[in-house]
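On the provided structure of chain A, position chain B as indicated by the hints.
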Amino acid sequence: MRIRPVVNLHTANRFTVIGQPLMIMSFSFAVILVVGIIANSVTSSASDLTDMYQGMRWNGAIFALLGPLMGFGIAAMTQYFPLATGLGLTRREFARGTALVFLGLAAIFTVVVTIGKVIEEATTGWGLHIRFFDVFYTGVGPAWQTLIQTFLVISAFMFVGAAATTMVNRWGQFSLWILLALFMLAGLCAVMGAILNDEFAAWLFSLLSMGWVPWMGVVLAIGIIGAVAWAILVRRAQAR
Amino acid sequence: MTAISTRDLAKTYKDVRAVDGVTIDLEPGRIYGLLGRNGAGKTTLMQLLTGQIFATKGAMTVFGENPVENAEILAQTCFIQESQKYPDTFRARDVLTVAASVYPNWDDSFAGRLVDDFRLPTKRLIKKLSRGQLSAIGIIIGLASRAPLTFFDEPYLGLDAVARQIFYDRLLSDFAEYPRTVVLSTHHIDEAANLLEHVVVLDEGRVLLDSDTEELRGHAIQISGRAADVDAFVANREVIAQERMGGLASATLIANEGDQDAAQRADLSVSPVSLQNLIVHLTTDAQRSTVTA
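Quick mapping for you: the protein sequence lines, in order, are chains A and B.
So for the first sequence, our numbering puts the first residue at 1; every next one is plus one.
So for the second sequence, our numbering puts the first residue at 1; every next one is plus one.
These are computed hints drawn from the structure, not numbers from a lab.
All values derive from a computational prediction rather than experimental measurement.
A couple of the hints might just be wrong.
Distance ranges between label pairs, derived from CB positions [claimed, not checked]:
| no. | chain 1 | residue 1 | chain 2 | residue 2 | range |
| --- | --- | --- | --- | --- | --- |
| 1 | B | Val162 | A | Leu100 | 37 to 47 Å |
| 2 | A | Arg235 | B | Ser130 | 46 to 56 Å |
| 3 | B | Arg119 | A | Gly141 | 21 to 31 Å |
| 4 | B | Ser130 | A | Ser175 | 54 to 64 Å |
| 5 | A | Leu22 | B | Ser130 | 30 to 40 Å |
| 6 | A | Trp215 | B | Met1 | 52 to 62 Å |
| 7 | A | Arg14 | B | Ser130 | 22 to 32 Å |
| 8 | A | Arg235 | B | Thr2 | 38 to 48 Å |
| 9 | A | Met1 | B | Asp25 | 25 to 35 Å |
| 10 | A | Phe136 | B | Asp160 | 55 to 65 Å |
| 11 | B | Pro179 | A | Trp144 | 54 to 64 Å |
| 12 | B | Arg113 | A | Gly141 | 33 to 43 Å |
| 13 | A | Trp215 | B | Arg119 | 53 to 63 Å |
Idealized CB from N, CA, C, for every residue including glycine.
Isolated chain A (complex conformation):
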């Protein structure tokens, strides 16, 4: 099983896989720092700054890092898969090597995010009451939760991205639109059900307020479904 060549294929240009996401993340972080500096210069009210600190739990600037990583899952199929098959690597080898790279990258960026979160927490938002790493999407609980949550979120992003792209490879872009339309239809049905049935609405609302562990189960399930779907789809994917 030629796994190392697949890993080499993905990491031949380290700037792209490590440097570029960090660069984009740094830029986004710099913007949040500037926002924090401006906010702190406008008000010195402790309650205002505390409110800002609490409100920024939902700050989505971290997606500047998560977004490119999902893009990595897509690029794995659109840009690296044709070269892998061109070099005589099998789909099984490509899938295993690429999954290893996904998990490796998820681990690296999880450590970065967690270190950022610990510092952010220790300094009450870099002394500015801002949040970038310590947010809802990466976990606002203890650092170990951020480690698990960020790893699961990044991994799920990459596997789902790879699965969606492989579906397009197999059946064309139309298949992706159909899948998205089905998801939208399911969402619409849920909303309709909640409007028409109070019990269902209450159950649905209880899902939103369920604890961290069940939520992680959902993220894990999404990641596993993405990974399994991708592993199945890639077996019959053709170089284009």
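Showing chain B alone in chain A's frame:
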């Protein structure tokens, strides 16, 4: 054991039969030409044989085994395709580094010499390379990989005549030292004719011709002379092409034993037909049905 063997191999895309019932046997240790017009099915056939795409029907073996998802077999093959995609952020040296880790027989110093020969700027982003420089990357990988079965699909698009000659020279000298099976698909047939030991000509997905090059060289002759003499000579012979200019005429015909001497006795001048011209004649619509080789 054959290097490549296919039986009634087919690949269909909706209503297009890209490869349509191809049956060939290619022996190991030879240089083959896979020839044909654009859209003849050459690239599709090579993609099938390297497991990049899946056959619609038929059977194939590479070194005795089905190549599809067969790591052991695919590790022995190298497919250099004209339309190979590379990641946007890759430089030439990145591709060479990856290729070195894939092919067990990779010769790094040979690759380095080829980089110099083709003046390939290895640090430049691939998307900024010229068409010829892109072709050079493929050629370097194809040669330095020393894979027991190497496919070159139009490997020198955009390369100048000097670079193409370098390719032929390096291929021949390295082949002499490290014999392997090479399948070369090209439209520069006359340029590559001296390399090819055997040619397979595809047309609309089907095998039009499968013959040793030596055999083909005497397969057709061109005669020219007075129109009446030419007309008389070609009567009852298999004519591939015929031209008339005033009282003079020329004809290209499938040569049978003794035809050359007979033409000379009939006061006609006889010249050999180049491989390229023969293929052109054979793949011209009106002539397809005349192929008998």
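Checked hints:
1. Taken as a hint, the range 37 to 47 Å holds for the pair Val162 of chain B and Leu100 of chain A, whose Cβ atoms sit roughly 43 Å apart.
2. Between Arg235 of chain A and Ser130 of chain B, the C-beta spacing of about 37 Å breaks the proposed range 46 to 56 Å.
3. Checking the proposed 21 to 31 Å range against Arg119 of chain B and Gly141 of chain A shows it is violated: the Cβ atoms sit about 58 Å from each other.
4. Hint check: Ser130 of chain B to Ser175 of chain A, Cβ distance near 37 Å, so the stated range 54 to 64 Å is violated.
5. At about 32 Å, the CB distance of Leu22 of chain A to Ser130 of chain B agrees with the hint of 30 to 40 Å.
6. Between Trp215 of chain A and Met1 of chain B the CB atoms are about 58 Å apart, so this pair conforms to the stated range of 52 to 62 Å.
7. The beta-carbon spacing between Arg14 of chain A and Ser130 of chain B, approximately 26 Å, falls within the hinted interval of 22 to 32 Å.
8. Range check, Arg235 of chain A to Thr2 of chain B: about 27 Å between beta-carbon atoms, so the 38 to 48 Å window is missed.
9. The hinted window of 25 to 35 Å between Met1 of chain A and Asp25 of chain B holds, with their beta carbons roughly 31 Å apart.
10. The beta-carbon spacing between Phe136 of chain A and Asp160 of chain B, approximately 59 Å, falls within the hinted interval of 55 to 65 Å.
11. Between Pro179 of chain B and Trp144 of chain A the CB atoms are about 60 Å apart, so this pair conforms to the stated range of 54 to 64 Å.
12. Remark: the range hint 33 to 43 Å for Arg113 of chain B to Gly141 of chain A is contradicted by a beta-carbon distance near 59 Å.
13. Taking 53 to 63 Å as the suggested C-beta distance range, the pair Trp215 of chain A and Arg119 of chain B conforms, at roughly 57 Å.
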